[in-house]
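*Asks:* Whole structure, please, built from the sequences with the hints as guidance.
Number of protein chains: 2
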Amino acid sequence: MSPVAPSLPSAKVIHVDTRGAVILSEESPETRDSRGIYFPNHIEPVSHIAVDIGGSLAKVVYFTRSPEPPSSPSIAATHGSTSPSNLSTPRSLSPADNGATVSPPTSPPSSSVKHNGALTPLVLEPHANGNGLSGLHDDLLRDSLIRRTAQHFPGGSLNFERFETDNIHECVEFIQSLIERSAQVNHVSIEEMRKGVKIMATGGGAHKFYELFRDTLHVEVRREDEMECLIEGLKFITLIPDEVYYFSDEFIHSVSNPSHTPATCSVLGSKAALPATGANGVLERPSPDPPKFGVIFESHPKPQFPCLLVNIGSGVSIIKVDEDGKFERVSGTSLGGGTLWGLLSLLTPATTFDEMLAFSDEGDNATVDMLVGDIYGQDYSRLGLKSTMIASSFGKVFKKGGKKGTFSPEDISRSLLYAVSNNIGQIAYMNAEKYNLDRIYFGGCFIRGHAATITTLSYAIRFWSKGTKRAVFLRHEGFLGSIGAWIKNIDSAAE
Amino acid sequence: MSPVAPSLPSAKVIHVDTRGAVILSEESPETRDSRGIYFPNHIEPVSHIAVDIGGSLAKVVYFTRSPEPPSSPSIAATHGSTSPSNLSTPRSLSPADNGATVSPPTSPPSSSVKHNGALTPLVLEPHANGNGLSGLHDDLLRDSLIRRTAQHFPGGSLNFERFETDNIHECVEFIQSLIERSAQVNHVSIEEMRKGVKIMATGGGAHKFYELFRDTLHVEVRREDEMECLIEGLKFITLIPDEVYYFSDEFIHSVSNPSHTPATCSVLGSKAALPATGANGVLERPSPDPPKFGVIFESHPKPQFPCLLVNIGSGVSIIKVDEDGKFERVSGTSLGGGTLWGLLSLLTPATTFDEMLAFSDEGDNATVDMLVGDIYGQDYSRLGLKSTMIASSFGKVFKKGGKKGTFSPEDISRSLLYAVSNNIGQIAYMNAEKYNLDRIYFGGCFIRGHAATITTLSYAIRFWSKGTKRAVFLRHEGFLGSIGAWIKNIDSAAE
Chain A
1 MSPVAPSLPS AKVIHVDTRG AVILSEESPE TRDSRGIYFP NHIEPVSHIA VDIGGSLAKV
61 VYFTRSPEPP SSPSIAATHG STSPSNLSTP RSLSPADNGA TVSPPTSPPS SSVKHNGALT
121 PLVLEPHANG NGLSGLHDDL LRDSLIRRTA QHFPGGSLNF ERFETDNIHE CVEFIQSLIE
181 RSAQVNHVSI EEMRKGVKIM ATGGGAHKFY ELFRDTLHVE VRREDEMECL IEGLKFITLI
241 PDEVYYFSDE FIHSVSNPSH TPATCSVLGS KAALPATGAN GVLERPSPDP PKFGVIFESH
301 PKPQFPCLLV NIGSGVSIIK VDEDGKFERV SGTSLGGGTL WGLLSLLTPA TTFDEMLAFS
361 DEGDNATVDM LVGDIYGQDY SRLGLKSTMI ASSFGKVFKK GGKKGTFSPE DISRSLLYAV
421 SNNIGQIAYM NAEKYNLDRI YFGGCFIRGH AATITTLSYA IRFWSKGTKR AVFLRHEGFL
481 GSIGAWIKNI DSAAE
Chain B
1 MSPVAPSLPS AKVIHVDTRG AVILSEESPE TRDSRGIYFP NHIEPVSHIA VDIGGSLAKV
61 VYFTRSPEPP SSPSIAATHG STSPSNLSTP RSLSPADNGA TVSPPTSPPS SSVKHNGALT
121 PLVLEPHANG NGLSGLHDDL LRDSLIRRTA QHFPGGSLNF ERFETDNIHE CVEFIQSLIE
181 RSAQVNHVSI EEMRKGVKIM ATGGGAHKFY ELFRDTLHVE VRREDEMECL IEGLKFITLI
241 PDEVYYFSDE FIHSVSNPSH TPATCSVLGS KAALPATGAN GVLERPSPDP PKFGVIFESH
301 PKPQFPCLLV NIGSGVSIIK VDEDGKFERV SGTSLGGGTL WGLLSLLTPA TTFDEMLAFS
361 DEGDNATVDM LVGDIYGQDY SRLGLKSTMI ASSFGKVFKK GGKKGTFSPE DISRSLLYAV
421 SNNIGQIAYM NAEKYNLDRI YFGGCFIRGH AATITTLSYA IRFWSKGTKR AVFLRHEGFL
481 GSIGAWIKNI DSAAE
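If you're matching them up, the sequences are chains A and B in order.
Quick note on numbering: the first sequence equals residues 1 to 495 in UniProt numbering.
Quick note on numbering: the second sequence equals residues 1 to 495 in UniProt numbering.
Simulated from the structure, these hints should not be mistaken for laboratory data.
For clarity, every value in this text was computed on a predicted model and none was experimentally measured.
Straight-line C-alpha distance at most 30 Å; calculated DSS-like pairs for lysine-lysine:
{"no.": "1", "chain 1": "B", "residue 1": "K386", "chain 2": "B", "residue 2": "K399"}
{"no.": "2", "chain 1": "A", "residue 1": "K469", "chain 2": "A", "residue 2": "K386"}
{"no.": "3", "chain 1": "B", "residue 1": "K466", "chain 2": "A", "residue 2": "K320"}
{"no.": "4", "chain 1": "A", "residue 1": "K399", "chain 2": "B", "residue 2": "K208"}
{"no.": "5", "chain 1": "A", "residue 1": "K320", "chain 2": "B", "residue 2": "K320"}
{"no.": "6", "chain 1": "B", "residue 1": "K434", "chain 2": "A", "residue 2": "K386"}
{"no.": "7", "chain 1": "A", "residue 1": "K302", "chain 2": "A", "residue 2": "K326"}
{"no.": "8", "chain 1": "B", "residue 1": "K326", "chain 2": "B", "residue 2": "K466"}
{"no.": "9", "chain 1": "B", "residue 1": "K466", "chain 2": "A", "residue 2": "K326"}
{"no.": "10", "chain 1": "A", "residue 1": "K326", "chain 2": "A", "residue 2": "K434"}
{"no.": "11", "chain 1": "B", "residue 1": "K404", "chain 2": "B", "residue 2": "K386"}
{"no.": "12", "chain 1": "A", "residue 1": "K434", "chain 2": "B", "residue 2": "K320"}
{"no.": "13", "chain 1": "B", "residue 1": "K466", "chain 2": "B", "residue 2": "K320"}
{"no.": "14", "chain 1": "A", "residue 1": "K302", "chain 2": "A", "residue 2": "K320"}
{"no.": "15", "chain 1": "A", "residue 1": "K434", "chain 2": "A", "residue 2": "K386"}
{"no.": "16", "chain 1": "A", "residue 1": "K320", "chain 2": "A", "residue 2": "K208"}
{"no.": "17", "chain 1": "A", "residue 1": "K386", "chain 2": "B", "residue 2": "K320"}
{"no.": "18", "chain 1": "B", "residue 1": "K466", "chain 2": "A", "residue 2": "K469"}
{"no.": "19", "chain 1": "A", "residue 1": "K434", "chain 2": "B", "residue 2": "K469"}
{"no.": "20", "chain 1": "A", "residue 1": "K466", "chain 2": "B", "residue 2": "K434"}
{"no.": "21", "chain 1": "A", "residue 1": "K208", "chain 2": "A", "residue 2": "K195"}
{"no.": "22", "chain 1": "A", "residue 1": "K326", "chain 2": "A", "residue 2": "K466"}
{"no.": "23", "chain 1": "B", "residue 1": "K326", "chain 2": "A", "residue 2": "K386"}
{"no.": "24", "chain 1": "B", "residue 1": "K434", "chain 2": "A", "residue 2": "K320"}
{"no.": "25", "chain 1": "B", "residue 1": "K386", "chain 2": "A", "residue 2": "K434"}
{"no.": "26", "chain 1": "B", "residue 1": "K320", "chain 2": "A", "residue 2": "K466"}
So these bits of chain B aren't anywhere near chain A, every CB distance computed over 10 Å:
{"no.": "27", "residue": "I43"}
{"no.": "28", "residue": "Q176"}
{"no.": "29", "residue": "R181"}
{"no.": "30", "residue": "E191"}
{"no.": "31", "residue": "D322"}
If you anchor each label on the Cβ, the simulated ranges turn out as follows:
{"no.": "32", "chain 1": "B", "residue 1": "G467", "chain 2": "A", "residue 2": "S177", "range": "47 to 57 Å"}
{"no.": "33", "chain 1": "A", "residue 1": "G405", "chain 2": "B", "residue 2": "K466", "range": "40 to 50 Å"}
{"no.": "34", "chain 1": "A", "residue 1": "G405", "chain 2": "B", "residue 2": "P154", "range": "48 to 58 Å"}
{"no.": "35", "chain 1": "B", "residue 1": "T351", "chain 2": "A", "residue 2": "S387", "range": "26 to 36 Å"}
Glycine is no exception: its CB is placed at the ideal position from the N, C-alpha and C atoms.
*Replies:* Pasting the structure below:
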């Protein structure tokens, strides 16, 4: 495989050398969607820290130099977390199962932090405002630096971090210490280091927190349009091998017809016990228990436009992207991740989103959802509605006389996850149909590589489109905006 | 006004004489959508009791003879409730404000029950199976009956009742006692009376509870297809003057431009203090506080097809109706009334749906919903997103560290009502657009004439369609299926 970046039909050249890029195979519940990406051939001329501040989460992306792939890559992107939790096993997608070449192999986590790279200070740049090597404290250090940086050595990792917007100061502190550490590693003063760093801010919070970032970090802060960044991020990330994945029709077929078992697919562990039982070639409708599905990772990136991008954060934005990369936000819904998290935090004892997802994995929505069979006592076959189909989400909960039933957090979580995911899938499909788009990318922090979410979205698209459209997912689903902001600055720096 | 039934482009003739039909002006919180309709010219050949059994509610429709309009009409349709509650005042739609001719005027409720009419027993029918006047107990009674029924006297009321499906036995008992009382009033035996009564059952429960109705009531029970009945019901009910209502564009314009105030509109009392402030002709987007809107009642019924029918019960069915009356269920969503009722019964102390609606009238969704302004600190004007627009329903609820905030039942109710209504409006619009339909009827027990629901749905349709499509509502919104079942039997009896 020679993963040369394919030429995309875009007016803008992407100035990151993606040849040989690999997604690092670190694994922890916190890094499902934030594994580092190693670029052996990329040279970053200026240090950019991109931050995409949404309603609930702030996502940070930055590049650190290191000529060799990090030996302990999981550290770089996990806030120093050292325990690879088995929480992630049933829910997250492992590329290792897939037969694709992913290197380096996972190595045992160490407890040191961020020793694999540093930001590039502007002072090391030959063309940096003419003050190339000024500001260094002594000749020895200067000589050492000249030796080390006489040539740009390529290679380094793109790193991904997530913070809660409510605790934006943590995000600011993280960037602060990243800049300080980089100054130390590069033996330059903090003032010099700051001159070589730019913050590219996007998302709604780029406006709200602009002064906070500028005045605390003392670095240049630039604001970028949110939708533009999402599309730039999508354009770039889809160049990375094994970034894009989807449920294969072939695999679905083989699940329905167990005599064929393709070797290139991994099976997601799902609570469902039974595969789809429809006749050959008949597409199954969404069901409360999606069959075990397999995912396929796209190891040879393909041009991705035209497409629909559905970005699911607190709310949902739906963006149509034309073949030439022109885009328009055509729709959206307020029923997004914030709705699921908010309602489940009221309805269950869960205190984190991962706990909510863990609940939903154990739940049975049929105790709270009114199914077609509950109303009809059977299928409503004249309309093709199967008895297991959800007729009314939470339809079994309200009882006459206000008798408050008891429902388990697990069942409630599963029901609400289905409700929100199905609804997004349906609205996404209708927009894809309207604009005649066959590929529907789902991005945003809502997804988190969670099997039930992904199968529900995939199912919804398959059901409504009668199999003509495909739901496509991304490993770095939550970082499209921040990747886009990072890329945009590289573009403008290179111009 | 001469309310002759307009000829509809339908293959099926409707055998109810709707000339002079009036909606009775009874008013109580329970009868928002179940006022009787008086038909001065209709003669019912056979007694039909139609019942539409949904996931949450069973809706009953039946006709009772009475040559004069009932003097105390509110009794016939309120389960004997005698207190006209002021609960309904801010929420329900009063036709009296509208200038339309509605008679008879409201009279004080009395405590007697169902004395205004009775079912027609088959024995009074000349063509009834040849056993015309058999089964009567004495000659005196027979003579009296012959005098009374020598000619079919026209006139009577269509009555509407609602029961919870969980308590279907109450519905059965109600029908049982209606049959018994009608036998008594008509001086025929219960056996004879039963021969003259047919139950037309539709909805999912028509299958599930078929044996229960047949074996308890000892009358013929016929099952009718749910979607067919909905469309028949829509076809019929839209012939009734002042049944159909909608928000007038003219009124909306006048709200935005206070110098014009059309006299024919009533103003819905809504929590919103401010009217839409957009520039002339610019359509306002949905907002958490819809402006005070006026509704217009259609006093001159018009042909209604083609159209989209969105029936919101526990779940939602979306049905496309062609100009010739052909129909297809094209979409639906599981996020319907059952979702709102179910979640609010878990999240608030409300024990009835009316309590939930009362809560929502007092709430402020901005405490739980994440608005565009919460994320951006301002409008996202590049996308035309106003700062007051809801970006994420319940998006403010989930907090880091699992700190469970306290949110009032009022605010939660309002937020969820908006979320569900907006979502249905959006999906309805997309289907209307897909099938190029301009009139979107909203039916089903979800609506209950509730101002916030109606304004939200109207707003959503206006927003998404840029004012090209119209949300249309019905007073008897919840009874389309049962009215359709009633009509279908009249058709078949007349054939």
